[in-house]
Amino acid sequence: MAYDMKAPYAIRQFEIEIWIPLKVFGIDISFSNISSAMLTTVIVLSAYVWLAMRRPAIIPNRLQASLEIVYDFVAKVVIDTAGPEAKGHIPFVFSLFVFILFGTLIGLTPMKETFATHLVITFALALLVFVYIISVGLRRNGTLFFRQFLPSGTPLWLAPLIVLVEAVSYLAKPITLGVRLFANMFAGHMLIKLFGDFAALMVDRLGPIGIVAAMAPVAMMVIFFAFEVIVVLIQSYVFILLTSVYLRSAIHAH
Amino acid sequence: MSDLAMKYLAIALGMLPLAAVALALGRIFGDWISSVARNPGSRDAVQQIGLLGFALTEAIALFALVIILIMMFVI
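Residue numbers (our numbering), protein chains in the order written: chain R, 39 to 292; chain E, 3 to 77.
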């Protein structure tokens, strides 16, 4: 098996393979390997939640207890950050959290794609959060929602500039939210597979010596894999934490 | 300078944010350690904020990485 230096796996892992070409009204909605990764996530997630809550008991069994730990964690983050009024939004944030967490964790299993390494997917998630938060803010505060673009006590002659700056910084939020998740997943997966490529290159070019020498990059790969698991947990947490922060600014617009 | 040289110079300049990120990460972990050392009871509270600060700071370096990759492979 010759190693192709022009197409390292670190880059090839992000390729999109179209499995079932589909076009509806000129919009490409083909079923690709990324769609399959998302479908797998949804199926695993639904099976987990269904199995855990099949027979809900006051004294939960282990599976139910594990789900309750996750739910309590999300509920604590939302209520601590966005206040008790945000209780109704816990299901939305919980869905986001488990979708990102399970998707990225499943993506860490061998031969499986991570959908969060694609900017389109993370932007879609961030845009969903943004649209949700604007609709929450508009429904709750009406036109008062736009008061947050003008901090109280601003001199009138500065108002146009402040409104412009605040609007731009508000519109940058979904971009940073999406890029943050994408960049973390992308860089982490690239790093892991780059060490795998080093090992493959050594074995390919150096023969028996290479097999011994390749142990060093493989050891690095293991370390970075463990690091990536932590990154996945932290990034899912950061995503819902920032969602809660934006929720607070939408609920308490002033 | 040729266009290719300018491109690689731009990529190298794009790595400058790493200096600021290194300073910020050192500050975060330094303050984290000293706050836990001063008040070991605050470990849990500090851990959450510290991890958040770490993730947000690390993201800056990764933004730079994304921009560098765009410069390398797209432009």
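What the hints contain is simulated information worked out from the structure, not anything from laboratory work. Every residue, glycine too, gets a C-beta built ideally from N, C-alpha and C. Worth double-checking, as some hints may not be accurate.
Stated by the list, open to error - If you want a taste of the chain R side facing chain E, the calculated C-beta under 7 Å gives, among others: (1) VAL87; (2) ALA221; (3) ALA225; (4) VAL276.
Tested hints:
no., hint, in the structure
1, VAL87, "violated (26 Å)"
2, ALA221, "holds (3 Å)"
3, ALA225, "holds (5 Å)"
4, VAL276, "holds (5 Å)"
In the structure shown, a violation is registered for the earlier hint numbered 1 alone.
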